[in-house]
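Given the sequences, and given the hints that come with them, work out the whole structure.
Here is what each chain is made of, one letter per residue.
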Amino acid sequence: MSRQAKTLGRVEPTCRAIVFVLAIFQVTDNTGQAQTPSISDVQTRMAKVYGAGGLSRLESWQTATAISDDGLFVTAWSYVLDSGATVVLDDGRRFTAELIGHHPQKELALLKIDVTEQPHFEINRNRTAEVGEPIFAMSNVYGVATGNESVSVQRGVVAAVGEVQTQRGRRTFGYSGPALIVDAIINNPGAAGGAITDLNGELLGIIGRESRNAASGLWLNFAIPREQVALAVEEIHSGKAIQTTTDRSIPAEPVTLELLGMRMVPEIVTSTPPWIEHVVNGSAAWKAGLRSDDLIVSVSQVPTASITHFLEQLAHIDRDSEFFIMVQREDGFLEFQVDVR
Amino acid sequence: MFLWLWFATVAAWQFPVAAQTDRLSDARLAESQRIEVIASAIPATTGIFSTDGSGGGSGVVISADGYALTNWHVVDPCGAAMYCSMPDGQVYDAVLVGIDPVGDVALIKLQGRDDFPVAVFADSDDLKVGDFCFAIGNPFLLATNFQPSVSWGIVSGLHRYQYPSGTLLEYANCIQTDAAINPGNSGGGLFNGRGELVGINGRGSFEKRGRVNVGIGYAISINQIKHFLGQLKSGLIVDHATLGATVSSNRLGRVVVQDILTSSDAWRRGIRYGDEIISLGGRQITSVNEFKNMLGIFPADWRVPIEYRRDDEIFRIFVRLASVHSREKLLDIVQRGPEEPEIDPIPDGKPDIEPQIQPDIEKPLSKRARAIVDTWFEQRDGFANYQFNRKHTESVWSAFHDQAQLSSLNGKLRLSGHEENGLSVQIVLDDESSGLQLGATAHVLTPDSELAKQLEPAGSGGLLSALHLWRRMLVRGPTGSGDVYSLGMLPDWNGELREVLVCNSDGVQVRYFFAPDSRQLTALEFWSSGENDPCEIRLDDYRPVKNVQMPHRFTVIGEEGFLKVLQIDECTIGESP
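As given, the protein sequences belong to chains A and B, one line each in that order. Going by my numbering, the first residue of the first sequence is number 179, and it counts up by one from there. Going by my numbering, the first residue of the second sequence is number 46, and it counts up by one from there.
Rather than coming from a laboratory, the hints here were simulated on the basis of the structure. The reader is advised that the hints may include incorrect statements.
Ranges between beta-carbon positions, derived for each pair [unchecked claim]:
no., chain 1, residue 1, chain 2, residue 2, range
1, B, GLN303, A, VAL447, 52 to 60 angstroms
2, A, ILE278, B, SER77, 49 to 57 angstroms
3, B, THR66, A, THR294, 44 to 52 angstroms
4, A, THR294, B, ASP357, 28 to 36 angstroms
5, B, SER293, A, ASN302, 39 to 47 angstroms
6, B, PHE191, A, ASN302, 50 to 58 angstroms
7, B, ASP168, A, GLU300, 33 to 41 angstroms
8, B, GLN329, A, ALA230, 29 to 37 angstroms
9, B, SER77, A, GLU300, 31 to 39 angstroms
10, A, ARG271, B, SER293, 56 to 64 angstroms
11, A, GLY310, B, LYS412, 41 to 49 angstroms
Yeah, the Cβ is synthetic: ideal placement off N, Cα and C, and Gly gets one too.
Following this line, the structure appears as structure tokens:
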């Protein structure tokens, strides 16, 4: 073999090796061109939700985001779901939704409709939002879309990733926890329960309820990050750490007024309203924020009608779990998270 | 060998970084393209100001001689005269031309140049959700240097419907965008990623933050505006279309006719209660919203194809759309103005001030404004600016007149020929008397008697009266025939656009349809009343007679299926009897 031929002989397999190595990197390179769904494809994963409300400033609609093939949808836990909800898909099909459960802390609810082959987001796909990354916000903002009209799409970037404490009304607290803040204006009527996606149609978060930032009082364009949503969905499924309102079992060791460290007003009539007469300084009730002269309005979203009813509600709460008490104080409403451990 | 492999591996690791650098240069390229596209759209945009400085908005110039589009609610407080700033720093006088208050569109004309930069119309049906778009205008009237503000965003939704305020400012089939639309942007253009005009911005959804953008703005689609342009240019106050029927969804989700006026064209074309509407204007209708959306883009008098189903049979018809309001009601509403203006011009830039209520008293005009009104505006009840209508009528008629060489037409007109079935046809038309003989049956016009009651031959809707008036119009022209005005452009039975002149006289109305290119008179409609079908005569087979272009085939369509085709073999002009 000539010298040239020998050199060529060495180069050819080497070239093949280089091409092979480069090919591997092309296939595994995350920054390469993946198959991206179109916006209209992703819109088929969104649904319009209709329910209770319809009064001024309390719209009766919001948005739901599909997370499973067989009709599981994540939406915001709000008054809209109070008396049953209707889910209208992107193609206009209407379903009565079953409320599987809700996560009061994260203000999320899980709905189920009887459908198959529903386009959906993979909620467990590991995708964490980064500050500065471009996003789409998909929601039925202002209830503009009806029937078989697709939800609205807005464009923005992730402005911040961090912890928020939100507020609704003068002294009512809302979602508190990790959040994505975006610069698209997503804090609008009807947007809650909508989806924040990246440019590849992957879910980054679920749009939160209309709330203000407790620190600044400004309306907050926030979404609950995907990881938190996935956690909430799992907790709802397993019934862990949340007392659902339909749970009728009586725990062996329920919460009591003594454990809470508070006393109610004397029950002079059968339906005495549940006024708190005294809260022991430093007790669990005190730490939660309850004070004397508060009127108990609800326990974990179930309205409380009387002292008797309140005691009955406490009897169904295990002393090892957290729960919520909403009170009326002066002319406002406050909700407190209570833990007697 | 291994050295090569190692080298290749190292080189390959560089690829992610190389990809990053590619993305950065991609982004820079996209940015410079964006800058270029925006720069190409800016020159045709205009800032509109009322002559007393009390308000304004934005607009887009669409022709080199200065026609510009804006919202009706921008021009309504301005009156007939306004000032328009252009990005070149100049301020031009402008006059109101035509208005569409229901659809919130207005046409104005800037004066002083015949070479204004113009916006390029797009086809707004090509838009997709997610397309880039941008708005150009004067939000909060902040541009004291006359340079417009630009906001960039995406198309958030299409074919959206926004309920009217009363019956005005209905945004049907509109474009939703998250490009910032604020008070002052009204009337300005929405452009696609190529810098072409896709819509006119005018409304937004607002709530707890007051009248400032919260990411939801709406623009009237340019395809809707295209339907109205002819009528707007004719200085008209244009009304929107109604089918003369209401629809609802039945339990199968189909759109069915709920109620229908027996006086409507839809009824006369055969539509009945319970019929299912399949398509309108060429678009499939699957919901009441879609029906409203599709109807909302047409002006009154437009003609649209409709498909409907009854039992298992599908019918295809062409329907003339009636007007939503009666003439009086529309003019009354226009006088009063919108009940709740959606986006108001903000005079001092503070977004939380309530919109000012326009006083009814006419403020005295400045000298310059008075000059605009004196030169470019003519008042006539029922018209936005009668001067434009008068001029357009004259121009349409003289173009037809010249093309047909009508100056050689005078005296009696005789036409003889035969019908398709062989029956002979004799037509004699003259100033005082006219006659028509079909086979053995003769009809004679009694000139002193009401034309609205002389509708022979039976079922034709008034063929003889129509021909009589047609000849009179050809010989005497508009000035000698009655009250003649332009109705802009309307589609004929083939969907082809025609210039339309209306002549009201003798208690009847005749509409003349002219082809915009050839200027030929292709049809006329004789309306004895609005509740019955007209006598429609389609004219073709034009041949010169003594130099005058005369039609030799008359296709006559009357009531309830009346159809006759008259083929003329001989036509004589002006012979003595």
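Now the hints, each set against the structure:
no., hint, result
1, GLN303/B / VAL447/A: 52 to 60 angstroms, "holds, 55 angstroms"
2, ILE278/A / SER77/B: 49 to 57 angstroms, "holds, 51 angstroms"
3, THR66/B / THR294/A: 44 to 52 angstroms, "holds, 46 angstroms"
4, THR294/A / ASP357/B: 28 to 36 angstroms, "holds, 31 angstroms"
5, SER293/B / ASN302/A: 39 to 47 angstroms, "holds, 44 angstroms"
6, PHE191/B / ASN302/A: 50 to 58 angstroms, "holds, 55 angstroms"
7, ASP168/B / GLU300/A: 33 to 41 angstroms, "holds, 37 angstroms"
8, GLN329/B / ALA230/A: 29 to 37 angstroms, "holds, 34 angstroms"
9, SER77/B / GLU300/A: 31 to 39 angstroms, "holds, 37 angstroms"
10, ARG271/A / SER293/B: 56 to 64 angstroms, "violated, 19 angstroms"
11, GLY310/A / LYS412/B: 41 to 49 angstroms, "violated, 56 angstroms"
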